[in-house]
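Chain residues, written in single-letter form:
Protein chains: 2
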Amino acid sequence: MTNIDIEISEVGPRDGLQSIKTIMSTEDKKAWIAAEAAAGVPEIEVGSFVPPSVIPQLADTAEVVAYARTIPGLAVAALVPNLRGAENAIAAGAHKISIPLSVSETHSLKNVKRSHVQMLEEIDLIVQRIRELPEGERPKFEVGLSTAFGCTIEGPVSEDLVVQLAVKAVALGVDEVGLSDTTGYGNPAQLKRLTKRIWENCGREKLNGVHLHNTRGQGLANALAAVDIGLTTIDSSLGGIGGCPFAPGASGNIVTEDLVFMLEAMGLKTGIDIEKLLAVRELVQKALPEEEMYGFTPEAGLPKGFVAATGS
Amino acid sequence: MTNIDIEISEVGPRDGLQSIKTIMSTEDKKAWIAAEAAAGVPEIEVGSFVPPSVIPQLADTAEVVAYARTIPGLAVAALVPNLRGAENAIAAGAHKISIPLSVSETHSLKNVKRSHVQMLEEIDLIVQRIRELPEGERPKFEVGLSTAFGCTIEGPVSEDLVVQLAVKAVALGVDEVGLSDTTGYGNPAQLKRLTKRIWENCGREKLNGVHLHNTRGQGLANALAAVDIGLTTIDSSLGGIGGCPFAPGASGNIVTEDLVFMLEAMGLKTGIDIEKLLAVRELVQKALPEEEMYGFTPEAGLPKGFVAATGS
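Here the protein sequences line up with chains S and G, keeping their order. Under full-length UniProt numbering, the residue at position 17 of the first sequence is numbered 17, and the numbers go up by one with no gaps. Under full-length UniProt numbering, the residue at position 287 of the second sequence is numbered 287, and the numbers go up by one with no gaps.
Pulled out of the complex, with its shape left as it was, chain S reads as follows (with noise of 0.2 Å):
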């Protein structure tokens, strides 16, 4: 990872693949991760341990990890719901672990079934179970903070809220907590306030990473925001697959295409060859040929004489 300013962090073969309904083969998302990582990218969040019943989609998650592992360089990193799911994946080799602390409790009920309260204790759980595994082995463990931006049941939540949780999950143990705008509510003011106090009340190596949406088109003011900052880490999704909930030219994720170019124009290393990753969405669009996929830059194509800032 040396050489590389900004790190991506390609969620589509979770964040994507678990909201639409077609369901990609193993084999297509063994080809789209290695794809991904030989285009550069550095990072790929390819499932989630939760039971198969509640998202199908994600079922062979296990496999899809044990195959992610044996790409030289590439961190591979999975979602859990809880210590269950942390199991399996410490036991699939996950190198990196992230769980969902929303801010918003109802939403937190809503989608994991657990109050604050209990997703505290569940997060304890897995700090306890990771430091039980030799140094060498250990996952990176970290909180991402949903609906910190707001929540479409709960609408605004508080700021106070949002770093009382970050501090709580830091004093647990955990490795990391990250800024999640589940709703596409946040934006660029906001971002660089609460990074600050998050910064300032559990330590600046604390946060690093956010996770944004585009819902209501923010996307990447949000993630110019987070550089301008300081923060490190932006996840997205190449061709913005999986979120659509509402019409055309919507989308979920922030489309990895659209950021990779505006960091690299900026003369942000990456480290991803923005051609190659460009021609990875042909291949998933093949494997997923029912499902739409955004971005402006893959249309437009990349502008006469572009120099990028990662070298070829």
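Fair warning: there could be bad hints in the mix.
Copies of the same chain are indistinguishable here, so a pair counts whether it falls within one copy or spans any two.
As the list claims (entries may be wrong) - Derived lysine-lysine pairs resembling BS3-like cross-links, with alpha carbons at most 27 Å apart:
no.: 1; residue 1: 30; residue 2: 276
no.: 2; residue 1: 269; residue 2: 192
no.: 3; residue 1: 304; residue 2: 110
no.: 4; residue 1: 206; residue 2: 140
no.: 5; residue 1: 304; residue 2: 196
no.: 6; residue 1: 286; residue 2: 140
no.: 7; residue 1: 192; residue 2: 30
no.: 8; residue 1: 304; residue 2: 113
no.: 9; residue 1: 276; residue 2: 304
no.: 10; residue 1: 304; residue 2: 192
no.: 11; residue 1: 269; residue 2: 196
no.: 12; residue 1: 96; residue 2: 113
no.: 13; residue 1: 196; residue 2: 30
no.: 14; residue 1: 304; residue 2: 140
no.: 15; residue 1: 196; residue 2: 110
It should be emphasised that the hints constitute simulated quantities derived from the structure, not laboratory data. Since this is a predicted model, take the numbers as computed values, not measurements.
Got chain S sorted already, so can you dock chain G onto it with the hints?
Here is chain G on its own, set in the frame of chain S:
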């Protein structure tokens, strides 16, 4: 214009309508302009004084300018390609006249059939013409530095040349220059760099606005960079009308609704009532049933419990 942090200049009736096939009726244009003004939009570019044979969609610009002038508080802007257009704009009563000076000379020759030297001569003549008017009747005269971020024909343009042309225009006596990302090539770092250099060489008061395109999805990120550095006027188009050179979701101009949402969410007053602005969309869609309208916020709706910076 007191109590406004960022001034939105709506360019849909000009830049939007000139790019689509449908010719909007004069009555529909008037209704659109009246409705946006009533929503609080402070400035609208209502047309372009070009020969009807070139852009038949804007053949009624003189009538539209005259009508828009009757709306209290609204700044009425019009584009002109040359002295003749400026004379027509002055006769019609435009408050603001803009002329494109394309940094890519190749583009200038294609777009307005004039070299840099010829365009600067034309600009000089317009400045003289305006000075002949009584002081209270002089329109504001702005030079839009088109293709300032790159050209689809020439590729990258020299930043030195952008600055040189800005200096020459200001030396001729224009009120302001504006940065135009005609091709959607721009990135936030470039925008800040160009702005600083023009400020250093022309004086800060000579550059206040940007005209951005969303061709590669960078529109709002670039608008955020503009606001961050201290620019105060941003062009945008309701529904992103007019610019769909590429596939679904792509758009030309940045979408007024998404831009206003970003600014208001950040606590920056635009003076615009966003609910009223969103309602204007229906009126325009009815008048342009064949044309696609873009924008994420209109589709997703405002966040639950959203509080805008501009009070109703």
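Checked hints:
For a Cα distance limit of 27 Å, the shortest separation of residue 30 from residue 276 inside one copy, 17 Å, qualifies, whereas the shortest one across copies, 48 Å, does not. Taking CA atoms no more than 27 Å apart as the test, residue 269 paired with residue 192 passes in both settings, with 22 Å inside one copy and 19 Å between copies. In this assembly of identical chains, residue 304 and residue 110 lie within 27 Å of each other by CA distance solely across copies; the values are 18 Å between and 48 Å within a copy. For the identical chains of this complex, residue 206 and residue 140 are intra-copy neighbours only, at 12 Å inside a copy versus 51 Å across copies, given an alpha-carbon limit of 27 Å.
For the identical chains of this complex, residue 304 and residue 196 are inter-copy neighbours only, at 25 Å across copies versus 38 Å inside a copy, given an alpha-carbon limit of 27 Å. In this homomeric assembly, residue 286 and residue 140 never come within 27 Å of each other (Cα to Cα): the closest approach is 33 Å inside a single copy and 54 Å across copies. Neither within a single protomer nor between protomers do residue 192 and residue 30 lie at most 27 Å apart by alpha-carbon distance, with minima of 36 Å and 41 Å respectively. Taking identical chains as interchangeable, the C-alpha atoms of residue 304 and residue 113 lie at most 27 Å apart only when they sit on different chains, with a minimum of 22 Å there against 51 Å within one chain.
Proximity of residue 276 to residue 304 under the C-alpha cut-off of 27 Å is restricted to the intra-copy arrangement: shortest distance 17 Å within a copy versus 40 Å between copies. Taking the shortest Cα distances, residue 304 and residue 192 sit within 27 Å of each other only across copies (21 Å), while inside one copy they are farther apart (34 Å). Taking the closest pair of Cα atoms, residue 269 and residue 196 come within 27 Å of each other both inside a single copy (24 Å) and across two copies (23 Å). In this assembly of identical chains, the alpha carbons of residue 96 and residue 113 lie at most 27 Å apart only when taken from the same copy (23 Å versus 59 Å across copies).
When the C-alpha separation of residue 196 and residue 30 is checked against a cutoff of 27 Å, the pair qualifies neither within a copy, at 38 Å, nor between copies, at 47 Å. Taking the closest pair of Cα atoms, residue 304 and residue 140 never come within 27 Å of each other, the shortest separation being 41 Å inside a single copy and 34 Å across copies. In this assembly of identical chains, the alpha carbons of residue 196 and residue 110 never lie at most 27 Å apart, being 29 Å within a copy and 49 Å across copies at closest.
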